[in-house]
Amino acid sequence: MQLWLIPILPLAGFAINGLFGRRFSKSLVNLFAIGSVLLSLAWVLKTLFGLGDLSAAHAEHYFTWIQSGALNIGCDFAVDRLTAVMLLVVTGVGSLIHIYAIGYMAHEGGYYRFFAYLNLFMFFMLVLVLASNFLLLFVGWEGVGLCSYLLIGFYFDKQFATNAGNKAFIVNRIGDFGFSLAMFLIFVNFKSLDFAAVFQAAPAASQATLTTIGLLLLVGACGKSAQIPLYVWLPDAMAGPTPVSALIHAATMVTAGVYMTARSWVIYTHAPAAMNVIAIMGVATAFFAATIGLAQNDIKKVFAYSTISQLGYMFIGVGSGAFGAGIYHLVTHAFFKALLFLGAGSVIHALSGEQDLRNMGGLRSKIPITFWTMMCAAVAIAGVPPFSGFYSKDAILAAAFEKTPWIYWVGVITAGMTAFYVFRAMFLAFFGTYRGHAHPHESPPVMWIPLAILGLLSLGGGAFLPVPEFLRGVFHAAPEGPPNYGLMGISVAAGLIGILIAWIMYVARPGMAESFADSVGGLYKLVYNKYFVDEIYGAVIIKPIVNGSRVLLWKLVDVSGIDGLVNGIATWCRGVGGVLRRIQSGNIRSYATWVVFGSVMLIVAMGLAEGLAR
Amino acid sequence: MPLSQVPLSWFLMLSAALFAIGVAGFLFRRNIITVFMSIELMLNAVNLSFIAFSYQNKQVNGHLLAFFVMVVAAAEAAVGLAIILTVFKNRATLNIDEVDSMKN
Amino acid sequence: MDLILFLIFAAIALVCAVNVVVQTHPISSAVSLIGVMGSLAILYLLLGAEFIAAAQVIVYAGAVMVLFVFVIMLLNAGKEVHKGRSFMVQLLGVPLLIALLGLLAFLARHMYQPETMVHFGGFQGGTAQAIGHALFTTYLLPFEVTSILILIAIIGAVVLARKELD
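Listed in order, the protein sequences are those of chains L, B and D.
All the letters of the first sequence, read from the start, carry residue numbers -13 to 600 under my numbering.
All the letters of the second sequence, read from the start, carry residue numbers 92 to 195 under my numbering.
All the letters of the third sequence, read from the start, carry residue numbers 210 to 375 under my numbering.
Chain L extracted, bound-state conformation (with noise of 0.2 Å):
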């Protein structure tokens, strides 16, 4: 089947455009790139077809990578059912995102630089998915970290941007290192690495093993998929273009924890403490980051807390046993978040780079593709049935109800604020008076066409695409009961509340919202100001580390201590001949006192040495 070529077109594509493309003219890089990208996709679809119903897994082996007493990795591929979801997404929403990049990059500098980091970005995801042991996978991890960090800083001109970049690659490595930790114990405890060797083993494990394999594993995914304690890097790397944030910050990257989670679901159904964990931190983080989203003005921003939140209900799912809805929620938020984004593009690219919302207003009349797309996305999101956001939505919350109730009540409550959010958003920038100065004219058709696309996939996409039964038996799960209508009418509920708060907050009546802000003073700036956790870690944690590099590694060993030892050599040197040269002092006389002293010790020496071979 050549699974190797899906991973390598884009491979191409980036060394094609990465060592030559600053001759290429935009067309012949826009040919590399998008062109790489696209037959990638082709290719996808021809496997998926020649390979039939994928009940069993398909794997392909191409070399030996490391071979080194009890440790055998290999270069392997697997494609089964999960890797099929996961492949259709990755290809399908990246083709639509390299092709509105065309359009929005356009005015940019370092164009071919840019699609060349996102032809490498595809590369190491694809690795990511196709995986079939850990190490392989975690090779395709650090990789799209990298890639992450070099989009995100790609205005590298500017300080913000740099810090961002550094800041998303360190808070990822943090993660990375209880991932590393966990491949380990995997390797100590199952003897190899391979996902078909541990997961038929894991069973057999002690159950104290298995959780904590999983825990660590948790820690990865929180770094990656930036959960609490690990998101705080989200949202700062909205300062990269926006294509980026929808690409790797929305629809693929954050969404590799979620994906091995549920990769490494047999470990985990057997550690059910560590299930726990996995949904109450889902939860937690659903809720928090919802709230920030309340208050924030940057429409980039708010779409960032959203993607946390919204990834904490696909941990939520995953956690409460239900690993087909973490996916299938995984698969409707590319769709309508990567909208989100890509129409929030859209809207910065119409007014010239404005990106604050109190500077927006009334472009429903001048932009209305974007309008209308971003629309329905908006629906999907805040759960509306029967669009796809409902579907995959209320999976994970009947799935959370029978595991642990309070969790349902809690998503409810987030899943109103979500609703709340969009389309506090959504009226900010497209109802009422327009408040800014630019002249907003509407995207090319380069840029509305992936929209359009997305738009029908986030309406349709939950009826049309029933992902869970597609996925059930890779997670061996029970067939879902009825469903139950009561849940799904309350969440419901919450979701239609929410837009109602909106509309009158920010339509009817416009001022409403100002004067609820400062009713609530210090809570509207404790939440707007992010709960101050980027402030906290810095003193907590990154000062005293700086500090204690500063005074004790440095000041303390390595000037006093390494250098002294270093210099204090070349001193006690200078010592000794200073003492040494004493000798010289220009007297002939004491010269001829010291040759004669040496004859005498001669004579002596040699009289000695005759007495001695007599």
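Errors might be hidden in some of the hints.
The calculated lysine-lysine pairs, modelled on DSS-like cross-linking and capped at a C-alpha distance of 27 Å, are [said to hold, decoys possible]: (1) K12(L) - K153(L); (2) K529(L) - K144(L); (3) K288(D) - K149(B); (4) K529(L) - K541(L); (5) K153(L) - K511(L); (6) K372(D) - K180(B).
Source of the hints: derived by calculation from the structure; they are not laboratory data.
Given chain L, work out where chains B and D should sit, using these hints.
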């Protein structure tokens, strides 16, 4: 002891004594020329011991060595005195303790 | 007879040697050194080294010491002045001297062959013929090299001691 014979060891002791006196002059005198003459004294003492050993072994090699010592001593005396002349021209002193520009 | 000769001239040599070291004026030291060399020449004769004795008187006493006297007169060297001191010499000088003398005497007494006696005519091989023979056969190379040495010494002495051309 019969009057017509001298024990060889006495020659060697005389040579040692002359050498020691030469060393004493070399160490304790301050005039450059006197130091030089002490060096010549040491060379003579060594010559004496060479000749004595040559008598002992009944060979002529000791004589040859003493001859070469004399030749080299002569050459050395010539050059050394020329150096002393130059030093005197530059520093106007014959005191060995004052020629100490190589101090430290 | 030989013994008495030896004792007299050894005594003269020792006294003159001490005089070389003790005298304050260099010219007195030079003259004493001539005395040492003369007595040593007699002792060489006793040891059967006729050629060397002659060479000693002609070359050493006659040429080298005359050179010394010329230089002393040229430099108008006066009595020695007691200026400057050396810590090393004061500390170690005498002990080293005694050590040296003692060692040499000890070695001389202990390392000689069974009592060899010296008398006039005991060694016949110190003639000019014997020395010449050895010089031009066994010691030819040192002979030639010393001739170059002397050449260098002459050039050196001339260069060092001439007047600066203005």
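27 Å Cα cutoff - pair K12(L), K153(L):
violated, 32 Å
Taking only the CA atoms, is the gap from K529(L) to K144(L) under or equal to 27 Å? Holds. K529(L) to K144(L) sits at ~24 Å (cutoff 27 Å).
For the pair we were handed, K529(L) and K541(L), check the Cα-Cα distance against 27 Å. Roughly 17 Å between the alpha carbons, so the hint for K529(L) and K541(L) holds.
Holds or violated: K288(D) and K149(B), Cα atoms, limit 27 Å. Violated: K288(D) and K149(B) sit about 46 Å apart, past 27 Å.
| Given the hinted pair K372(D) and K180(B), is their alpha-carbon gap at most 27 Å? | holds, 10 Å
Given the hinted pair K153(L) and K511(L), is their alpha-carbon gap at most 27 Å?
-> Holds - the C-alpha atoms of K511(L) and K153(L) are around 24 Å apart, at most 27 Å.
The structure does not agree with the numbered hints 1, 3 stated previously, though it agrees with the rest.
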